[in-house]
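Asker: One letter stands for each residue in the lines below.
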Amino acid sequence: MSDCADVIIAGGGIIGCACAYYLAKRGCSVIVLESSDHIGNGGSSRNGGGVRQSGRDPRELPLAMYGIKNLWPSLSDELEVDCEYHQDGNLRLGKTEEHINILRGLTTRAKACGLEVEMIDAEAVQSINPYLSKEVAGASWCPTDGHANPLTTTLGYYKTARKLGVRFITGEPVTELRKIRGKVRRVVTSNGNIYEGETIIVAAGLFSRPILNSIGIDIPMQKVMLEALVTEARAHMFDQMLGTAEADFYGHQTKHGSFVFGGTLGLEGFTRDNGTPVTNSLAASSTCRGIIKYFPMLADAKIVRTWAGWMDLCADKVPVISPVDEAPGLIAACGFSGHGFGIAPAVGYNLAQLVTEGRTDVNLHDLRYNRFCAKA
Amino acid sequence: MYTINDRSRDIGEFIPAEDDDMLICRCEEITKGEIRRAVHDGMFTLTEIRRYLRTGMGLCQGQTCSRLVKGIVAKELGISPAELEPATARVPMRPIEMNILAAEETEAI
Amino acid sequence: MKRYDLIVVGAGPSGLSAAIEAAKCGMEVIVFDENKKPGGQLFKQIHKFFGSKEHKAKIRGFRIGQDLLREADSLGVHVQLDATVMGMYMDKEITVRIGDGIQHYKGDSIIIATGASENMVTFPGWTLPGVIGAGAAQTMMNLHGIKPGNRVLMLGTGNVGLVVSYQLLQAGCQVAALVDAAPRIGGYGVHASKVSRCGVPFYLSHTIVKAEGNDCVTGVTIAQVDEQFKFIPGTEKHFDVDTICIAVGLSPMSQLLKMAGCKMEDNPRKGGQVPLCDKYGETSLKGVFVAGDVSGIEEASSAMIEGRISGIAAACSLGYITGSRLEEKYQEHHKALNGLRQGMFAPENRGKILKKTEEGIDISESLLQKGYLTADEIEKYPGVTHQKGIHPVMECSQNIPCNPCQDACPKKCIKIGENITSLPAIDEKAQCVGCGMCVAACSGQAIFLVDEDIGDGFASVTLPYEFLPLPQKGDMGTALDRSGRPCCQAEVLNIKSLPAFDHTNLLTIKVPAEMAMNARFFKQI
Chain A
1 MSDCADVIIA GGGIIGCACA YYLAKRGCSV IVLESSDHIG NGGSSRNGGG VRQSGRDPRE
61 LPLAMYGIKN LWPSLSDELE VDCEYHQDGN LRLGKTEEHI NILRGLTTRA KACGLEVEMI
121 DAEAVQSINP YLSKEVAGAS WCPTDGHANP LTTTLGYYKT ARKLGVRFIT GEPVTELRKI
181 RGKVRRVVTS NGNIYEGETI IVAAGLFSRP ILNSIGIDIP MQKVMLEALV TEARAHMFDQ
241 MLGTAEADFY GHQTKHGSFV FGGTLGLEGF TRDNGTPVTN SLAASSTCRG IIKYFPMLAD
301 AKIVRTWAGW MDLCADKVPV ISPVDEAPGL IAACGFSGHG FGIAPAVGYN LAQLVTEGRT
361 DVNLHDLRYN RFCAKA
Chain B
1 MYTINDRSRD IGEFIPAEDD DMLICRCEEI TKGEIRRAVH DGMFTLTEIR RYLRTGMGLC
61 QGQTCSRLVK GIVAKELGIS PAELEPATAR VPMRPIEMNI LAAEETEAI
Chain C
1 MKRYDLIVVG AGPSGLSAAI EAAKCGMEVI VFDENKKPGG QLFKQIHKFF GSKEHKAKIR
61 GFRIGQDLLR EADSLGVHVQ LDATVMGMYM DKEITVRIGD GIQHYKGDSI IIATGASENM
121 VTFPGWTLPG VIGAGAAQTM MNLHGIKPGN RVLMLGTGNV GLVVSYQLLQ AGCQVAALVD
181 AAPRIGGYGV HASKVSRCGV PFYLSHTIVK AEGNDCVTGV TIAQVDEQFK FIPGTEKHFD
241 VDTICIAVGL SPMSQLLKMA GCKMEDNPRK GGQVPLCDKY GETSLKGVFV AGDVSGIEEA
301 SSAMIEGRIS GIAAACSLGY ITGSRLEEKY QEHHKALNGL RQGMFAPENR GKILKKTEEG
361 IDISESLLQK GYLTADEIEK YPGVTHQKGI HPVMECSQNI PCNPCQDACP KKCIKIGENI
421 TSLPAIDEKA QCVGCGMCVA ACSGQAIFLV DEDIGDGFAS VTLPYEFLPL PQKGDMGTAL
481 DRSGRPCCQA EVLNIKSLPA FDHTNLLTIK VPAEMAMNAR FFKQI
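Chains as they are written, first to last, in the numbering used here: chain A, 1 to 376; chain B, 1 to 109; chain C, 1 to 525.
Isolated chain A, as found in the complex:
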């Protein structure tokens, strides 16, 4: 089998798989190189499944809105898997005056970007989600937000791309990019294999940084471990995506009936790992306390599993989705900072456009790789 293709993608997460799918659909030959033994083994399978526009930085908001408008609604049909996409709104909850002020700020900024989002009072919150604690004083409400299943969505992109002839190779960590006559063409892996393509997309999450470093490009990003948990299945209660003003937890009830919640410990960025993302002994307990504050009726729901994942936190918390001018043929798509899942279809779609047409539906200028500047 040839190790040459139109496009070589470093990273078999949802970004890499979505790019591969949309490129293959446009007739490109694609090889995806994944460092771990599993497809979608990083943040793609460890995130909370939010498909949100609210709470996003204005620079990436257009991508989120584009995906929710054009891609998410038909994704299950297109990929022939159940992505479990629900567009039933996002409630960001607050209990105190301080919380409400935080939420007001977020709402004002989002409205300015043209997003349909509003502040609602306690009564309105209860009418949307009657299972919430009566202590909830208000919320920001974005009715067009939602959630999906990151596992089936990622693997759905993989499955469908594979069917279209994309070659996926796992256990193949990319270590180096090489220029040939002024253009980035070659991809070298730690197994000593060399792949060659007209375009190289680096979408390897945290590992994108050393890969890009090999060709003299550095994107300031940091490894931060986040944790999530899942409960046993319960009877259906609600379909909204939830979050809180003080970020105690976020999550939703899945189609399966279980609740997937993520939470923070307060020590993020300072935790340790042993080479793989490992849960901290304190995190799940802390998240549970956060959840019970808002959902007293879930107090007896059993936690079945907890897990951790690394996010690739960019210096300004917004991803780099950008061709690299000084390295022609190279595209970077990384630094998603923990909120890449919801925009992944739009990223894949637009990068496929960029490769095949040299243009994109969404203007990606604000997400360029060389935007990081020192203080004036």
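What the hints contain is simulated information worked out from the structure, not anything from laboratory work. Be a bit skeptical, because a hint or two may be false.
[Said to hold, decoys possible] If you anchor each label on the Cβ, the simulated ranges turn out as follows:
(1) C/Thr322 x A/Gly275: 30 to 38 angstroms
(2) B/Asp20 x C/His503: 47 to 55 angstroms
(3) B/Phe14 x A/Glu268: 38 to 46 angstroms
(4) C/Met1 x A/Met297: 30 to 38 angstroms
(5) A/Pro143 x B/Pro16: 39 to 47 angstroms
(6) C/Arg485 x B/Ile11: 37 to 45 angstroms
(7) B/Leu59 x C/Gln228: 51 to 59 angstroms
(8) A/Gly275 x C/Leu143: 48 to 56 angstroms
(9) B/Asp20 x C/Lys36: 38 to 46 angstroms
(10) A/Met297 x C/Glu332: 53 to 61 angstroms
(11) C/Lys210 x B/Pro16: 17 to 25 angstroms
(12) B/Leu59 x A/Glu268: 25 to 33 angstroms
(13) C/Met1 x A/Arg178: 49 to 57 angstroms
(14) A/Met297 x C/Lys36: 48 to 56 angstroms
[Said to hold, decoys possible] Negatives, chain A to chain C, calculated, CB over 10 angstroms:
(15) Gln87
(16) Lys95
(17) Leu106
(18) Lys111
(19) Gly165
(20) Gly216
(21) Thr254
(22) Asn274
(23) Gly275
(24) Val278
(25) Ser285
(26) Tyr294
(27) Lys317
Backbone N, C-alpha and C fix where the C-beta goes; we use that ideal spot for every residue, glycine too.
Guided by the hints, dock chains B and C onto chain A, whose structure is given.
Answerer: Then chains B and C, alone, in the frame of chain A:
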């Protein structure tokens, strides 16, 4: 490099079998046929099978079915079960109520 | 955070043994177990153990458990029951569910001794209520006093399948059949013979086609399989049963080690995924040790020795004993462990088809396929002789590491010698007095006292009997042969129950003289 790392490996067509409707993962009610079909969809590792179908993700955390799933996947791929990666194990060892997990000693680390 | 020199997870045979050794070295030890009763599988083992004195041979498993607990207690080991270890994290930290809360503990060393869980097989109907693990059946009977069913089919003829089948009979269940897809019985021949002489048929090269029933098991169909384990049409057999017991092996419960990031290997010879560890049981995580089934499926006897080794190794790692002391004790334990890992069932012989015993005697195919030795075959073994007057007949035909019979005989009639796996032989110069100590001492219930001529054309046979109610002197009944078929009428001459026999009653029956070498079980009418 594992042979199963090349996801273009030809494992043949999915051929329906008589016992495809046999329940394998009892907690999540996943059948043998669903597992076999997932392998043909490209899910070549136990981790991918779990994420794709939820096998071993229920209350027993795969205590009963992980060995069975491993056998089915290996057979479908034409490899020995020992060539497949170990199923992951995650905290908690046993399902635990949120309020109990939340009630921990408060002493700092 | 609460911190101990040593945290042991699992209060089974290996965990308790580890805790005992570590405490003896002066360590502060805490043991967690998720069950309400300690002892792990030991407390379910009501049969007598094999081995030599140092392996606590001829002692019933649950008594070994009681002894371990007493010893741990006297050494100040804190055994915390009803305490489920939920997770193992970096820095040798664990979280434990105790009551309605979570506690954090750190150990300067940790020994994981979490044991194993039962494997399952699938067949149509395998999810019906009534299909249970053999270990579960044992828990119901021996810990909770509940009969798992009335009529049971056992799948699997390893030692678990054989031992549990016998215990089901003891609990008053009928065992319809023992079934195994393999062409030969996997467990000890003596265990198989105990079941066989009660009249339970063995179906080797057979497996379950389907469990029948709508809401629960009402029957089962089995069929013969060929060498590729495919069903042979037309060989189906049906049994009316309400319970199907599955005894198809165990898998190490190594999840805590995996979640903590231990390097693991998939080793089919050890029963599945086990941590890589050195000779002391130390894993790739420094200070984290393993012992017992979690590091590879074996017997409780070897688990106890492994526990002792990891216990002293943990003590050494924290300076409680010197390296040379560790090595000295290790050699001693290693010798004992090696003693257990010898003979026909030694790990290196797993999967091999042996044709001859160490003595060069042909191995009985009947024993391996039907569960009993034939009357002709029995004569070939060194434990079987014909003498005037009462004498032991030892129907021990496989080389297993076990020798209590040798020490049991006060008259030194029985010889095994230096090699613990040798078959017991009769010293014809010594004079048997018919005390029956050997009969009660044989964990395999394979020793009988026979007097081939008690006058009037009759013989007496004394057999080990562990069923209730006990027959009374003068009772009439049927003698069954090794295959469980009735062979003649029998009269109970005596029933002897001494404390030294530890609940193995000696039942003496009178049978026609020609049945002296056939009658091996007694069925009351």
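Asker: For each hint, tell me whether it holds in the structure or not.
Answerer: Status of the hints after comparison with the structure:
At about 34 angstroms, the CB distance of C/Thr322 to A/Gly275 agrees with the hint of 30 to 38 angstroms. At roughly 50 angstroms, the beta carbons of B/Asp20 and C/His503 sit within the given window of 47 to 55 angstroms. Between B/Phe14 and A/Glu268 the beta carbon distance is about 44 angstroms. The supplied range of 38 to 46 angstroms therefore holds. A beta carbon spacing of about 32 angstroms between C/Met1 and A/Met297 agrees with the range 30 to 38 angstroms that was offered as a hint.
Separation of A/Pro143 from B/Pro16 is about 44 angstroms and conforms to the stated range, judged on CB atoms against 39 to 47 angstroms. Distance hint check for C/Arg485 and B/Ile11: the Cβ-Cβ separation is about 52 angstroms, which falls outside the suggested range of 37 to 45 angstroms. Checked against the hint of 51 to 59 angstroms, the C-beta distance between B/Leu59 and C/Gln228 comes to roughly 35 angstroms, which is inconsistent with it. Between A/Gly275 and C/Leu143 the beta carbons are some 41 angstroms apart, a value that contradicts the proposed interval 48 to 56 angstroms.
The beta-carbon spacing between B/Asp20 and C/Lys36, approximately 41 angstroms, falls within the hinted interval of 38 to 46 angstroms. Taking 53 to 61 angstroms as the suggested C-beta distance range, the pair A/Met297 and C/Glu332 conforms, at roughly 59 angstroms. The hint said 17 to 25 angstroms for the Cβ distance between C/Lys210 and B/Pro16, and at roughly 19 angstroms that hint holds. Distance hint check: the CB atoms of B/Leu59 and A/Glu268 are about 30 angstroms apart, consistent with the given range 25 to 33 angstroms.
About 50 angstroms separates the C-beta atoms of C/Met1 and A/Arg178, a value consistent with the hinted range of 49 to 57 angstroms. As the Cβ distance of A/Met297 to C/Lys36 is approximately 30 angstroms, the hint placing it in 48 to 56 angstroms is violated. Taking the minimum C-beta to C-beta distance to chain C, about 36 angstroms, the non-interface status of A/Gln87 holds against the 10 angstroms cut. Its beta-carbon lying about 25 angstroms from the closest one in chain C, A/Lys95 satisfies the requirement of being farther than 10 angstroms from that chain.
Every CB of chain C is more than 10 angstroms from the CB of A/Leu106 (nearest about 34 angstroms), matching its label as outside the interface. Chain C leaves A/Lys111 outside its interface by the beta-carbon criterion, the shortest separation being 43 angstroms against a cut-off of 10 angstroms. Distance check on A/Gly165: its Cβ is at least 33 angstroms (rounded) from any Cβ of chain C, clearing the 10 angstroms threshold; non-interface status holds. With a least beta-carbon separation of about 34 angstroms from chain C, A/Gly216 lies farther than 10 angstroms from that chain, consistent with its non-interface assignment.
Distance check for A/Thr254 against chain C: the nearest CB is about 23 angstroms away, which clears 10 angstroms, and the non-interface claim stands. A Cβ of chain C approaches the Cβ of A/Asn274 within 10 angstroms, the least distance being about 5 angstroms, so the stated non-interface status is violated. With a minimum CB-CB distance of about 7 angstroms to chain C, A/Gly275 fails to clear the 10 angstroms threshold, and the non-interface call is violated. Taking the minimum C-beta to C-beta distance to chain C, about 6 angstroms, the non-interface status of A/Val278 is violated against the 10 angstroms cut.
A beta-carbon of chain C is positioned within 10 angstroms of the beta-carbon of A/Ser285; the least distance is around 6 angstroms. Distance check on A/Tyr294: its Cβ is at least 21 angstroms (rounded) from any Cβ of chain C, clearing the 10 angstroms threshold; non-interface status holds. Consistency note on A/Lys317: stated as away from chain C, and its beta-carbon is indeed over 10 angstroms from all of that chain's, at 27 angstroms minimum.
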